[in-house]
Amino acid sequence: MKLVSYNVQYGIGRDGRFDLVRIADAVRGAEIIALQEVTRNFKRNDGADMVAGLADLLPEHFFVFAPAMDVDLGQRDAAGRPLNRRLEFGNMVLSRWPIAGARNLLLPRSRRLSRGNLQRAALEALVMAPQEALRVYSVHLDHISAEERAAQILHLKERVLAVPLEGGALSGAAEFGFAEPPAPEAFVLLGDFNMVQGSPEYRAMVGEPDPQEGLSLVFHHPVDAYGLGEAAPAGAVSWIDAAGGGRGRLIDYAFVHASLAERVVRCRVDGEAEGSDHQPVWLELS
Numbered sequence: 003m004k005l006v007s008y009n010v011q012y013g014i015g016r017d018g019r020f021d022l023v024r025i026a027d028a029v030r031g032a033e034i035i036a037l038q039e040v041t042r043n044f045k046r047n048d049g050a051d052m053v054a055g056l057a058d059l060l061p062e063h064f065f066v067f068a069p070a071m072d073v074d075l076g077q078r079d080a081a082g083r084p085l086n087r088r089l090e091f092g093n094m095v096l097s098r099w100p101i102a103g104a105r106n107l108l109l110p111r112s113r114r115l116s117r118g119n120l121q122r123a124a125l126e127a128l129v130m131a132p133q134e135a136l137r138v139y140s141v142h143l144d145h146i147s148a149e150e151r152a153a154q155i156l157h158l159k160e161r162v163l164a165v166p167l168e169g170g171a172l173s174g175a176a177e178f179g180f181a182e183p184p185a186p187e188a189f190v191l192l193g194d195f196n197m198v199q200g201s202p203e204y205r206a207m208v209g210e211p212d213p214q215e216g217l218s219l220v221f222h223h224p225v226d227a228y229g230l231g232e233a234a235p236a237g238a239v240s241w242i243d244a245a246g247g248g249r250g251r252l253i254d255y256a257f258v259h260a261s262l263a264e265r266v267v268r269c270r271v272d273g274e275a276e277g278s279d280h281q282p283v284w285l286e287l288s
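Those letters in the sequence shown? Residues 3 to 288, by the numbering used here.
Keep in mind the hints are simulated off the structure, nothing from the lab. Where is the CB? At the ideal position from N, CA and C, for every residue including glycine. Fair warning: there could be bad hints in the mix.
To be verified - Pairwise CB distance ranges (calculated):
id, residue 1, residue 2, range
1, ALA244, LEU75, 38 to 44 Å
2, GLY237, GLN214, 41 to 47 Å
3, ALA181, PRO202, 31 to 37 Å
4, PHE178, PHE221, 29 to 35 Å
5, ASP272, GLU149, 27 to 33 Å
6, GLY229, ARG83, 52 to 58 Å
7, SER261, GLU168, 16 to 22 Å
8, ALA260, PHE180, 36 to 42 Å
9, GLU182, PRO132, 15 to 21 Å
Claimed, not checked - Derived SDA-like pairs (lysine to any residue); straight-line CA-CA distance at most 25 Å:
id, residue 1, residue 2
10, LYS45, ASP279
11, LYS45, LEU219
12, LYS4, ALA175
13, LYS45, GLN133
14, LYS159, GLU134
15, LYS159, LEU85
16, LYS4, GLU33
17, LYS4, LEU252
18, LYS45, ALA26
19, LYS4, ARG113
20, LYS159, VAL267
21, LYS4, GLN214
22, LYS159, GLN77
23, LYS45, LYS4
24, LYS4, ARG114
25, LYS45, GLU62
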């Protein structure tokens with residue numbers, strides 16, 4: 003199974019061009035695709051409906067989109083009637099297999115005034131793969147505040163780990179004439195976490211290593227797929243600061259549930275894609 007995560011930066015590459023075709027080409031071949039910074043009605047890409055555009059370019063996939071930020075700036079037509087043209091900014095999951103359920107998990111944030119602070123979210127998709135159901139999350143954390151990222155990670159882990167007890171988007175489905183959807187324990191977190199390995203918020207995700215034993219494989223901490231299977235090469239970066247002389251950082255990740263750790267074949271960064279200021283991160287599971 004091949005999964006890929008890509009923060010698509012409104013579809014705008016480091017060359018300043020909006021081009022959904024190269025976004026779709028960069029993720030083509032994956033069974034499951036997690037995208038961040040997908041927009042509708044955003045001035046920076048001339049109001050493109052990226053959801054419809056990407057769905058058209060990847061017609062073999064089921065998809066779900068949920069805005070983390072949804073605002074209406076009050077635009078009206080020539081007769082003064084509301085246009086109801088909402089600016090949406092959020093996450094998307096596409097899958098070759100049906101998505102039986104989805105939830106938009108809004109993450110904690112502060113009312114920041116010195117810099118813009120968009121609502122962030124993790125989009126949960128229950129993917130009905132042929133041999134098993136799998137929960138996949140497209141995640142986007144805050145890019146300014148380590149304190150905020152840490153709070154978002156703790157909240158995200160709480161919600162993700164609770165699914166086997168709570169169920170996902172629906173339980174008790176028989177009342178509505180549906181088969182009961184599964185609530186699998188296994189999950190994959192894909193996305194732009196805006197943190198570097200070893201940072202306090204990263205340790206909040208994977209746990210604190212024991213001085214003697216290192217990290218333990220435990221069910222309450224997701225596992226960084228970069229350290230499993232055929233690992234990404236040292237010095238790999240997933241975000242490049244075009245305005246900062248091309249410097250980069252590794253801030254996009256695939257984290258897996260402990261039960262999936264032994265199935266990670268490789269986790270790599272595609273350094274060739276040019277459709278965003280981020281690079282796609284590919285995860286292969288056996």
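Status of each hint after checking the structure:
1. The beta-carbon spacing between ALA244 and LEU75, approximately 28 Å, falls outside the hinted interval of 38 to 44 Å.
2. About 28 Å separates the C-beta atoms of GLY237 and GLN214, a value inconsistent with the hinted range of 41 to 47 Å.
3. Between ALA181 and PRO202, the C-beta spacing of about 43 Å breaks the proposed range 31 to 37 Å.
4. Distance hint check for PHE178 and PHE221: the Cβ-Cβ separation is about 31 Å, which falls inside the suggested range of 29 to 35 Å.
5. ASP272 and GLU149 have their C-beta atoms about 31 Å apart, which keeps the hinted 27 to 33 Å range intact.
6. Hint check: GLY229 to ARG83, Cβ distance near 56 Å, so the stated range 52 to 58 Å holds.
7. Distance hint check: the CB atoms of SER261 and GLU168 are about 18 Å apart, consistent with the given range 16 to 22 Å.
8. Judged by the Cβ atoms, the range 36 to 42 Å given for ALA260 and PHE180 is violated: they are separated by roughly 30 Å.
9. One distance hint, 15 to 21 Å for the beta-carbon pair GLU182 and PRO132, holds here, with the actual separation near 19 Å.
10. As the CA atoms of LYS45 and ASP279 are separated by approximately 18 Å, the hinted pair is consistent with the 25 Å bound.
11. Our distance criterion of 25 Å between C-alpha atoms is broken by LYS45 and LEU219, whose separation comes to about 45 Å.
12. Only pairs whose Cα atoms come within 25 Å are accepted, and LYS4 paired with ALA175 is rejected, the gap being roughly 30 Å.
13. The straight-line distance between the Cα atoms of LYS45 and GLN133 is roughly 42 Å, outside the 25 Å bound, and the hint therefore fails.
14. For the hint linking LYS159 to GLU134, the alpha-carbon distance of about 22 Å falls within 25 Å, and the restraint holds.
15. Distance check on the hinted pair: LYS159 and LEU85 sit about 38 Å apart at the alpha-carbon level, beyond 25 Å; violated.
16. The suggested pairing of LYS4 with GLU33 holds, with an alpha-carbon distance near 6 Å, which does not exceed 25 Å.
17. Distance hint between LYS4 and LEU252 is fulfilled; the C-alpha atoms sit about 20 Å from each other, no more than 25 Å.
18. At most 25 Å may separate the alpha-carbon atoms for a hinted pair to count; LYS45 and ALA26 meet this at roughly 21 Å.
19. This hinted pair does not check out: LYS4 and ARG113 have alpha carbons roughly 38 Å apart, beyond 25 Å.
20. With a C-alpha separation of about 24 Å, the suggested pair LYS159 and VAL267 falls inside the 25 Å cut-off, and the hint holds.
21. For the given pair, LYS4 sits about 34 Å from GLN214 by alpha-carbon distance, which is inconsistent with the 25 Å threshold.
22. At most 25 Å may separate the alpha-carbon atoms for a hinted pair to count; LYS159 and GLN77 exceed this at roughly 38 Å.
23. With a CA separation close to 33 Å, the supplied pair LYS45 and LYS4 exceeds the 25 Å bound.
24. The suggested pairing of LYS4 with ARG114 is violated, with an alpha-carbon distance near 38 Å, which exceeds 25 Å.
25. A C-alpha spacing of about 29 Å is found between LYS45 and GLU62, which places the hinted pair above 25 Å, so the restraint is violated.
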